[in-house]
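K.L.:
Sequence:
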Amino acid sequence: MTGMRTKRSTPRLRPERAATAVAKRLEDSPHLPAFDHARHLLEWYDRHRRRLPWRAQAGERADPYAVWLSEIMLQQTTVAAVAPYYARFLARWPDVRALAQATLDEVLVAWQGLGYYARARNLHRAARVVAGDLGGVFPDTEDGLRALPGVGAYTAAAVAAIAFERRTAAVDANVERVIARLFCIDTPMPRAKARIRALAASLVPARRAGDFAQAAMDLGATVCTPRAPSCEICPWTAVCAARAIGRAEELPRRAPRKARARRRAVAFWAMRADGAVLLRRREDGGLLGSMIELPSTAWRAGAWREADARRAAPLRARWRALPGTVEHVFSHLEIAFRVLAARVAARAAAPEGCFWWPLARLAEQALPTMTKKLVAHARGPRADGRRR
DNA sequence: AATTCGTGGCC
DNA sequence: TGGCCAAGAAT
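Taken in order, the first sequence gives residues 1380 to 1767; the numbers are from our numbering.
Check the hints yourself; a few may be wrong.
As the list claims (entries may be wrong) - In silico lysine to any residue, SDA-like type, Cα no more than 25 Å apart, as pairs: (1) K1752 / R1660; (2) K1637 / R1660; (3) K1572 / R1643; (4) K1637 / T1482; (5) K1752 / A1497.
As the list claims (entries may be wrong) - Pair by pair, the computed Cβ-Cβ distance ranges are: (6) G1664 / E1422: 41 to 49 Å; (7) A1700 / E1439: 57 to 65 Å; (8) T1457 / A1682: 30 to 38 Å; (9) R1606 / D1653: 51 to 59 Å; (10) G1515 / T1704: 21 to 29 Å; (11) R1740 / P1463: 20 to 28 Å; (12) R1632 / D1653: 53 to 61 Å.
The set of hints was computed from the structure by calculation and includes no laboratory data. Ideal Cβ placement from N, Cα and C applies to all residues, glycine included.
Could you build the full structure based on these sequences and the hints that come with them?
P.N.:
In structure tokens, the structure reads:
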């Protein structure tokens, strides 16, 4: 019901005036105190907060390492996707010194499938900074945290508030949406960011800044949702300017996204007689940086003719084209792979930049989802019935 | 300021 | 189905 969109037959109120009207209605009532946003939100949070693996129990102190680790993983990533990774990381590397002692490749293997792999590289770098230069102690200020690789404005504020009770606003996409609606901000993102941040900061209470940060995010995640917000159960519904004029669901405004570029490539599946396959590590930076892939042709806009692909093969062999294609979608591009497969002698040497690796031990390599899809396609239908 | 960075779930 | 979105950072 709440998600139904109704056509407006009356001219819409200007957002600024809507916000002003709500504010005035409250401030002009001499018998009512000013609306205490933080109090209403925190009371709601105490009853409805989500139980999350990285969240301390009510009254308990948060571990800065656990908070930092969870915040890095949660960047642009859903709670459901993060949970199992977080559990594995914390079990294997219970503190920042343990993580600092791990190799980068161990961290990349543990991160595989979670995406945005620069986060894993920065996580490892930051762990070494904290464990080394900082004596194993996390900075307890926003500026100190912000200086760590992979820690930007949001994450610094979140860790400072949650782990150290610093009075600061952690403004993520949830909070941006909540604030844009609360004040009916019509300016499209990202231009409205500075104003939203200032408004959010004005609501942070002197006490329980960490709970306030998490409460605001919970509110955005469970009540003030992108589509079909549950305004009737929102602790701020009485003072929400967008709600007052029925515009909550259309805020915040965003510029339309650019279409994804499409690329095509041919991947090579070389199976050695001893059961090893040919792999390649991608270069350090950029897309899937430092992760493992199948040797492939360049990614280009146009289709590959099979003859051209054969000439680009990493080694001489009797390549045969596998049926079908493998599609994979990244943030800003999508790619379709054809696969050429070949069996080669056990003595075959690895070409420059590539290495042979036992198929049975593939799990030890840092394989992004793109590579896993190609491997599954090349191996074909399994007897265990896990693939069609 | 605008791009580049993954992946999976949702409707 | 395909577009949208998710506890953003780095450049």
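K.L.:
Run every hint past the structure and note whether it holds.
P.N.:
Evaluation of the provided hints:
1. About 16 Å separates the Cα atoms of K1752 and R1660, which keeps this hinted pair within 25 Å; it holds.
2. Proposed proximity of K1637 and R1660 is contradicted: the alpha carbons are some 30 Å apart, above 25 Å.
3. With a CA separation close to 37 Å, the supplied pair K1572 and R1643 exceeds the 25 Å bound.
4. Among the hinted pairs, K1637 with T1482 is inconsistent with the structure: their alpha-carbon atoms are about 37 Å apart, more than 25 Å.
5. Pair hint K1752 plus A1497 holds up; C-alpha atoms about 21 Å apart against a cutoff of 25 Å.
6. A beta carbon spacing of about 47 Å between G1664 and E1422 agrees with the range 41 to 49 Å that was offered as a hint.
7. Against the hinted window of 57 to 65 Å, the Cβ-Cβ separation of A1700 and E1439 comes to about 59 Å, which satisfies the hint.
8. Evaluation of the 30 to 38 Å hint for T1457 and A1682 yields a pass: the beta carbon distance comes to about 34 Å.
9. At about 53 Å, the CB distance of R1606 to D1653 agrees with the hint of 51 to 59 Å.
10. Range check, G1515 to T1704: Cβ separation about 49 Å, and the 21 to 29 Å hint is violated.
11. In this structure the hint that R1740 and P1463 lie 20 to 28 Å apart at CB holds, the actual value being about 22 Å.
12. A hinted range of 53 to 61 Å holds for the C-beta pair R1632 and D1653, which are about 59 Å apart.
In summary, the structure is inconsistent with hints 2, 3, 4, 10 from the numbered list given earlier, while agreeing with the others.
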